[in-house]
Each structure stands twice: as structure tokens, then as C-alpha cells.
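**Q** These are the residues of each chain, in order.
2 protein chains.
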Amino acid sequence: MKRISIQQAIAMSAVALIAFAASRADDAAAPLFGIKIPPGYRDWKLISVAHEEGNLNDIRAVLGNDIAIKAYREGKLPFPDGTIIARLAWSYVPSEENNKVFGRSQSFVAGAATNVQFMVKDSKKYAATGGWGFAQFKNGKPDADVALLKTCFPCHTPIKGRDYVFTDYAPNP
Amino acid sequence: MKRISIQQAIAMSAVALIAFAASRADDAAAPLFGIKIPPGYRDWKLISVAHEEGNLNDIRAVLGNDIAIKAYREGKLPFPDGTIIARLAWSYVPSEENNKVFGRSQSFVAGAATNVQFMVKDSKKYAATGGWGFAQFKNGKPDADVALLKTCFPCHTPIKGRDYVFTDYAPNP
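Protein chains in written order, with the working numbering: chain V, 1 to 173; chain Z, 1 to 173.
Bound-form chain V, shown alone:
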């Protein structure tokens, strides 16, 4: 039998605990639409980028899973079931480092992560909300604010003609 020291045992327990906490966070579903974080979403392909001023004051990237990207490129509406669109946001911060190089204050970059939102297409499951489910996560944990989640669909209603999706696919430079 291999012996381990108390220090090793503590270290191993800590690793196990962190792994357990991480798996729990990944497994937690957001309320209302029951959406979990789609694995690997950070590696999805880019749809577009945006900046929101005001209370949000963020800079954001919109990514899509392969079904989303295919539909965007083919200009296919409505988006097919299985489409997932991810909106990643970060605080909008000036880059002193870049500004120094440019010789003027002009550069804004992604600071701390704000949150990630998902739109998931399932025309049957989410029939009452245009076929879309909505969720928001921060640090891997779902936003439990049901009242907030209930505002998603009404806010997207004005763009029903584009299947409730605000973001256009950014053209290739």
C-alpha cells in the first residue's frame, strides 16, 4: 500500500473539492428555461462584436455554435432547433498601455468578465417565447433572477422579423 503524507492528503482533497465545485457550477441550470452552460462555448466561432454604453458599459462578443454559424452564413431564418448564440461581456476599460503607444487616449479593451448570456433555440420546448430560451451566467453560476429572465423575450420581440436575434453576422474583412 502506498502511503501518503497528511499534506498530500489535504492537497488531494482540495483538488477533489475544486473539481467537484467546478462540475457543480457547470451542471447548474438557470431557472425559467432550464438552460445549462453549453460545454466549450468559449471556443465557438465569432458572429460579431459590440459596445454598450449606459448602465451596461461593457464590450462584448457574440459567438455561435456550429448550427448558429451555418444558419447565419446561409441567411436562413428562422434559426433551426439546436442553435445556440452566446453573448460574452466584459467591463469596458481604457488601456493605458495602448494609449501610451498611440500617444492619445483612444483605446478601450475587455476588462473583468461581466457575464455570459445564451439564447437556445427549441421551437417546441420554448414555443411560448418565440422558440427561444434565455439564460445568464456569471463565473459559471446561473443568474437566479427569474424576474430579469422574464424581460428577455419581451425585449427581443421588436425584432421578431429576424427571429428575435439582434446581432447580425459581421462581414469578413
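Hints are supplied without guarantee of correctness; some may be wrong.
[To be verified] Keeping only pairs whose Cα atoms sit at most 27 Å apart, straight-line, the calculated DSS-like set for lysine-lysine is:
1. K45(V) with K70(V)
2. K70(V) with K141(Z)
3. K138(Z) with K125(Z)
4. K45(V) with K138(Z)
5. K45(V) with K76(Z)
6. K45(Z) with K70(V)
7. K100(V) with K160(Z)
Derived by calculation from the structure, the hints in this document are not laboratory data. Since the model is a prediction, treat every value here as computed from it, not as a measurement.
Given the structure of chain V, go ahead and fit chain Z onto it with the hints provided.
**A** Below, chain Z alone, put in the same frame as chain V:
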């Protein structure tokens, strides 16, 4: 022998011409560092996003090939040979559609494509410029402005400590 109409022949010639033009654009190398557009770069993984005011007035996404992403995530410096970092830029335009929904002017999105720049790591080939080659393309065509390309490396010199790369990897939300 299958007969084709004059209309079909014209259509086929047009398709062939477009395909030829597209392949030519993809094959053209930018001057100075001899860099071609890396195939499939629009599908690379996201590193971060930014906004530049001033004369640039753009909103941008920075993507990386798999070698770049791996090095970023492992915090490995210098970036290994084969790293390619792509900076895609679009004009920074207000979104009237989004603003209508928000009830205030706060939303800025990606408009027309501006250009795409690449940093390619090859420590031997580009030894004179910190191991990096630089290129800029617009609409698939290389920017032939050698004087402009010569400004790339000096501009990146202040961040030699981060292997001449400005953009940090944006944290996962």
C-alpha cells in the same frame, strides 16, 4: 454530348471567373513579410475584443489559431513558432435598432469591415522583428503599403516583455 445554352455557358464562365478571382485573392501575399491570408481564420477562437477611437474609430475582435490559443491559456511566453494572431476590425457604428429597444442611444455595433491584420510567429524567418511578421488585408487583398508595414514592429516594441503582443486573453465570463 450534352448541349448547353449560351445563357448556361455565360453563367458557368462567370462562376469560373469568380472562383479564379477568389483563389487569386487568397493566394496573394502581403509585401515585406510575405504573409498570405491563413485559410479559415474567420473561424478561429476568440482572444479578446476592443474599441479604438480617433482616426481608427473601429470595433475589433482578436482571434487566434490553435497554437496561439494554447499559448495564451498556458500563459506561455514567448509565443511558439506557428502562432498566428488575427485582428479583425469593423467600422464602429451606432445601432438605431438596438437603441430603440433600450430607449436611449447606447449601442454600438460592427459596421462595414475595415481590414484584418495578422501577426505570424516565425523566430528564424522574422528574427529581425522580434520573431513576428506583420500583414494587413482588405477584401481579401494584401495592403501593399510597405512604409505602413514597416511601422508595425516599432509600434509593438514597447511591449517586448509580452512578446510584442498587445492583446490579453479575455477572461471567461
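**Q** Could you run down the list of hints and mark each one as holding or not?
**A** Consistency of the hints with the structure:
Proposed proximity of K45(V) and K70(V) is supported: the alpha carbons are some 10 Å apart, at most 27 Å. Taking the CA atoms of K70(V) and K141(Z), the gap is about 25 Å. The hint holds against a cut of 27 Å. Proximity of K138(Z) to K125(Z) is assessed by CA-CA distance (about 24 Å); at most 27 Å being required, the pair is judged to hold. At most 27 Å may separate the alpha-carbon atoms for a hinted pair to count; K45(V) and K138(Z) meet this at roughly 20 Å.
Of the pairs offered as hints, the one joining K45(V) and K76(Z) holds, with about 23 Å between alpha carbons and a cut-off of 27 Å not exceeded. Restraint check for K45(Z) and K70(V): the C-alpha separation of about 16 Å stays at or below 27 Å, so the hint holds. Annotation: proposed proximity of K100(V) to K160(Z) holds, straight-line Cα distance about 14 Å (limit 27 Å).
Checked against the numbered hints listed earlier, the structure breaks none of them; every hint is satisfied.
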